[in-house]
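These protein sequence lines map, in sequence, to chains C and Y. Residue numbering for the first sequence follows my numbering, starting at 1 and increasing by one per position. Residue numbering for the second sequence follows my numbering, starting at 324 and increasing by one per position.
No lab work stands behind these hints, which were simulated from the structure alone. For every residue, glycine included, the Cβ atom is placed at its ideal position computed from N, Cα and C. Keep in mind that a hint or two might mislead.
Here chain C is said to cover these stretches of chain Y; the calculated rule only asks that three of the stretch's residues, wherever they fall, bring their Cβ under 8 Å from a Cβ of chain C [claimed, not checked]:
#	stretch
1	344-351
2	440-454
3	493-500
4	545-551
Non-contacting residues of chain Y with respect to chain C, defined by C-beta distances greater than 12 Å in every case (computed) [unchecked claim]:
#	residue
5	V393
6	D397
7	G402
8	A465
9	R612
10	F622
Given next are the chains, with one letter for each unit.
2 protein chains.
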Amino acid sequence: MSLAEFDLIEHIRRRLPARDDVVLGIGDDAALLRLPESRQLAVTADTLNAGVHFPHATAPADIGWKALAVNLSDLAAMGAQPAWCTLALSLPKADPDWLDAFIDGFLELALLHRTALVGGDTTRGPLSISVTAVGWVEPGKALRRDGAQPGDDVWVTGTLGDAAAALRLWQAGLPAPDALMARLDRPTPRVETGRTLNAIAHACIDLSDGLLADLGHICTRSSVAAEIELDALPASDTLREHFDQSTRWQLQTGGGDDYELCFTAPAQARDAIAALAREGAASVSRIGRLVAGAGIRAFDANGGCWHPERAGYEHFFRTDPAV
Amino acid sequence: MSLAEFDLIEHIRRRLPARDDVVLGIGDDAALLRLPESRQLAVTADTLNAGVHFPHATAPADIGWKALAVNLSDLAAMGAQPAWCTLALSLPKADPDWLDAFIDGFLELALLHRTALVGGDTTRGPLSISVTAVGWVEPGKALRRDGAQPGDDVWVTGTLGDAAAALRLWQAGLPAPDALMARLDRPTPRVETGRTLNAIAHACIDLSDGLLADLGHICTRSSVAAEIELDALPASDTLREHFDQSTRWQLQTGGGDDYELCFTAPAQARDAIAALAREGAASVSRIGRLVAGAGIRAFDANGGCWHPERAGYEHFFRTDPAV
């Protein structure tokens, strides 16, 4: 069965929830949106391609969730409140069942964060999903990469390495525990934590390419160096069960796709940050500090400097063995 | 030669012009944008895929121009002022020469309309370009599809059929005159005309899928019918030279990719609309009228009702013989 482009859009449109500030949603040349006063817009765009950013075998609902999640994660890393998004979907063929499941996953996350899908385009082509997400933030409050200062603590939310572990097991043809696969397929954008941090943190980034690569961006943009305590890296029980310490550290420092937040804040903010976690937002772990200089050094418990095999990966070169 | 994703983004970033309301551009998790007061946002997203929306042999600068043009055309059709855009670019390989030429074309049009590229993503995959364009419009002034009224005149800007003629010649392996190819490869978004029309027109749409298909959307959304005078359809000299009347009408009513505006306005606005064209915006032609009912009828000079072989095309099924 196949559907024309217009029918695909109608098919999606019928399933969308309403939002008060959407004056005109999908179905005209452009959407019309009412803005909150005294806010700046935060805008981000991320693409997922089959075989590059997710295995071809990934369930369509998980692809839908993840396509939005990686964008909401970018808004979270700015301390922004998600509001609207557009979706450009290329599909090899118009398959209503696949599309329904995809939209299920997409809308499940959209509803959690009251994010309205206001525009889009469906085209024929290899499976590819581009989302642009738009949110807003109070002027001057955004969490940028260039605000970090020597003396800041370095923090991360949640646990690190689970998504990379799932990918490594899957690539090796081994079964990955559900707890790890869920982290790869359904990452949790830390929206509420980002919103709260924008009154506390100096700098923030989301961990899409791996801790060393992403924290490296903060260091470069802020002209600081970082020292990381490997023992302080938060790991899930499942990760500890399945991998030895060296592999775990490699996954935690170099693996991407966790979509946790990495942020820096002055030592005086420690109590406020601990309170954050108690109030129900994501757990947080203090994993190191910023110092003058450049680059990142990672230390084990004996103070030895550890050199991971690779510092993050580049999506552009990542290959899918199933292709 | 190949470049990593981050280098590709840097490569693009170095070539971007500045815009005062861009607080933070490419290079962080999201861009930060300052908003004009008392405006609504207009947001649109369109994708071009190689072999579906343009022939594989299209020059990269033309692809860059067209990827932005089709989105600015959507903003024009809303009467909105373009401001910012994001670009999601999937490339089979990182080719700096190709990318430079692509960005040349993209920025050439962006500069014409002071549209800042504020975010994006480059990924590995079959050539595909998704742009989300954001503009603003005065509240209540947007040109929607659902505002047309019986008794309105139907107008179009520019000339119709050139882009479809170029595609037809190219698909047949025949040389297409430059004047036609330019319309296919470098469509002109009617931004200034759209801005002026938002004080005059009742409804508007851009002609991406063909006059009958696109005017059909206005009729459906506004619950009106349209009567079109085929002799009134504006045709370029080149189109008249190369095609007989029947083929020309078919191209003008059913062919897509012209990206002219089709709008409706009350008869009292005729002088104002004629003045528009004299003041240097696009030429305009009155091609018919709206009546009560549903559907579109097209008449020749003898009052005979003409049935085009196909009423518009669906991008989703369009194929590229070169694939």
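Tested hints:
Counting residues of the stretch 344-351 of chain Y whose CB lies closer than 8 Å to any CB of chain C gives 4, so the stated coverage by that chain holds, three being the minimum. Remark: the stretch 440-454 of chain Y is confirmed as covered by chain C, as 11 of its residues place a Cβ nearer than 8 Å to a Cβ of that chain, reaching the required three. Figure legend: the stretch 493-500 of chain Y, annotated as covered by chain C; annotation inconsistent (0 residues with Cβ-Cβ distances under 8 Å, at least 3 required). For the stretch 545-551 of chain Y, the stated coverage by chain C is violated: 0 residues have a C-beta nearer than 8 Å to a C-beta of that chain, whereas at least 3 were required.
A Cβ of chain C approaches the Cβ of V393 (chain Y) within 12 Å, the least distance being about 9 Å, so the stated non-interface status is violated. With a minimum CB-CB distance of about 4 Å to chain C, D397 (chain Y) fails to clear the 12 Å threshold, and the non-interface call is violated. Listed as a non-interface residue, G402 (chain Y) fails to keep its Cβ farther than 12 Å from every Cβ of chain C; the least gap is roughly 10 Å. Annotated as non-interface, A465 (chain Y) brings its C-beta within 12 Å of a C-beta of chain C; the closest such distance is 5 Å.
The beta carbon of R612 (chain Y) sits about 22 Å from the closest Cβ of chain C, which is more than 12 Å, so the claim that it is off the interface holds. Residue placement check: F622 (chain Y) keeps its beta carbon more than 12 Å from all beta carbons of chain C (closest about 26 Å).
Hint compliance for this structure: hints 3, 4, 5, 6, 7 and 8 are broken, all remaining hints hold.
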